[in-house]
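There are 2 protein chains.
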Amino acid sequence: MRSIVSFYICYLLCLGLGLACVVCVSYWNHRWRGGFAWDGTALQFNWHPVLMVTGLIVLYGNGAVLYRVPLTWGQNKLPWKLLHATLMLLALVLSIVGLCAVFDFHNAKNTPNLYSLHSWIGIAATALFAIQWVVGMAGFLLPCSPISLRKLLKPVHVWLGGSILWLSIAACISGINEKLFFVLKGNGNGTQSYANLPAEAVLGNSLGVLIVAFGLVVLKILSTLNWQRPESRPEDMAYAPLLQEENE
Amino acid sequence: MRSIVSFYICYLLCLGLGLACVVCVSYWNHRWRGGFAWDGTALQFNWHPVLMVTGLIVLYGNGAVLYRVPLTWGQNKLPWKLLHATLMLLALVLSIVGLCAVFDFHNAKNTPNLYSLHSWIGIAATALFAIQWVVGMAGFLLPCSPISLRKLLKPVHVWLGGSILWLSIAACISGINEKLFFVLKGNGNGTQSYANLPAEAVLGNSLGVLIVAFGLVVLKILSTLNWQRPESRPEDMAYAPLLQEENE
Chain A
1 MRSIVSFYIC
11 YLLCLGLGLA
21 CVVCVSYWNH
31 RWRGGFAWDG
41 TALQFNWHPV
51 LMVTGLIVLY
61 GNGAVLYRVP
71 LTWGQNKLPW
81 KLLHATLMLL
91 ALVLSIVGLC
101 AVFDFHNAKN
111 TPNLYSLHSW
121 IGIAATALFA
131 IQWVVGMAGF
141 LLPCSPISLR
151 KLLKPVHVWL
161 GGSILWLSIA
171 ACISGINEKL
181 FFVLKGNGNG
191 TQSYANLPAE
201 AVLGNSLGVL
211 IVAFGLVVLK
221 ILSTLNWQRP
231 ESRPEDMAYA
241 PLLQEENE
Chain B
1 MRSIVSFYIC
11 YLLCLGLGLA
21 CVVCVSYWNH
31 RWRGGFAWDG
41 TALQFNWHPV
51 LMVTGLIVLY
61 GNGAVLYRVP
71 LTWGQNKLPW
81 KLLHATLMLL
91 ALVLSIVGLC
101 AVFDFHNAKN
111 TPNLYSLHSW
121 IGIAATALFA
131 IQWVVGMAGF
141 LLPCSPISLR
151 KLLKPVHVWL
161 GGSILWLSIA
171 ACISGINEKL
181 FFVLKGNGNG
191 TQSYANLPAE
201 AVLGNSLGVL
211 IVAFGLVVLK
221 ILSTLNWQRP
231 ESRPEDMAYA
241 PLLQEENE
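Order-wise, the sequence lines are chains A and B.
31 is the number that UniProt numbering gives to position 31 of the first sequence; each next residue is one higher, with no gaps.
157 is the number that UniProt numbering gives to position 157 of the second sequence; each next residue is one higher, with no gaps.
Chain A with its partners taken away, still in its complex shape:
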């Protein structure tokens, strides 16, 4: 009982911090960066942070902790698997549209793509996410996939799932940091330097802190054994590994 209460406190924190991240990144780009468009200008670029934070961090993190919600622990796991896959697909689509926003913007300005470390880490996180989604779909949702394969896949899926999240966080932190150095140069025409911490810098840095806090909560939920779906807990698996019809 105490364990369920502390789970729900963490889960509410996860929902609240996720919402705060989306509001913060949207407000930043709306208020300080001129808003949104899809026309190859900087206004198209502005979709990039919003969609990456919303898709690759917030929706992804919420999709990852879904099986930890005790409401989903009924006999029939299938509807929750479908919801998990759907949330992750939505997260992946938003991330890919977010990448298109920045590629289009670069191409319109004849700026090369994928040279910075930020872009290398970001593209690696998205590519791993796409692979994870396809392999997860084939391994855990196709009825023809054998139990032995599912058992083999599961620890890799769980480890890679957490890893994609912290990789995405590293990509976001480096991206926000880079963007703030780009736009806050203090070049005399009204903009202040990043080093003076004007309001936009404080907002951008706070977005980074919110993302990190969200990641800490999600990875805490994922790593707490007591909060795992009972059939997946090692102490339960130890008693009936061979009878387990669906060990994943």
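FYI, nobody ran anything at the bench for these hints, they're computed from the structure.
One should not assume that every hint holds.
Any copy, or any two copies together, can satisfy a pair, since identical chains are not distinguished.
[Stated by the list, open to error] In silico PhoX-like pairs for lysine-lysine, Cα to Cα no more than 20 Å straight-line:
{"id": "1", "residue 1": "Lys151", "residue 2": "Lys81"}
{"id": "2", "residue 1": "Lys154", "residue 2": "Lys81"}
{"id": "3", "residue 1": "Lys151", "residue 2": "Lys220"}
{"id": "4", "residue 1": "Lys77", "residue 2": "Lys154"}
{"id": "5", "residue 1": "Lys220", "residue 2": "Lys154"}
Fit chain B to the given chain A structure using the hints.
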């Protein structure tokens, strides 16, 4: 047996990638950034990446996986606890000296400290590491600390331990990215722009990739239940939780 072989493959990878990170960050600063000094100039700054990568990433990661090495699984855990604490202390000291390098450099140039998101994440990682070390020392090494406190502390220590590592990685990625944008401006006096991916940019980006690969391996080792010290595994604890003399 198969599990031990795969552990040692991962562990060798962890040692090899850690060494590669240290060589790469040292070579970058020696070959492309003019080498090292402690004089308030950019040569003093060069200690910052070297010491942070060596302390906060490589030594820290190796200290974290120590209990997973089967060699350390003997009856007497105390010598390994002392080694774990010593490695972590060394990692903490290197990180603090690495911070002093950049603070001194900023102060000598009258540049403000701690304004960028990189610095916020980096200082948070180091502060959490210092707190984790002090609380870990008091909770797990002082003989007067009761078993009940150790049981309570352990999951927090393990979760925070992994979190500090990925936070440090996010700090390093954003720092390397920022540094490469600072120094590769393509301003005509012989330096090429980051966007053209000159040799220094490829080396810096590769350092980032090596750090991420190191983090993936360390967090894989930490998250694999089969590789935990037997007394700490949930399936073993389930049988004798009350007889366990030292459940940490």
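Results of checking the hints against the structure:
Proximity of Lys151 to Lys81 under the C-alpha cut-off of 20 Å is restricted to the intra-copy arrangement: shortest distance 16 Å within a copy versus 34 Å between copies. In this homomeric assembly, Lys154 and Lys81 come within 20 Å of each other (Cα to Cα) only inside a single copy, at 13 Å, whereas the closest approach across copies is 32 Å. Taking the closest pair of Cα atoms, Lys151 and Lys220 come within 20 Å of each other only across two copies (17 Å); inside a single copy the shortest separation is 23 Å, beyond that limit. In the homo-oligomer, the alpha carbons of Lys77 and Lys154 lie at most 20 Å apart inside one protomer (15 Å), although the nearest pairing across protomers, at 32 Å, exceeds that limit.
Taking identical chains as interchangeable, the C-alpha atoms of Lys220 and Lys154 lie at most 20 Å apart whether they share a chain (19 Å) or sit on different chains (13 Å).
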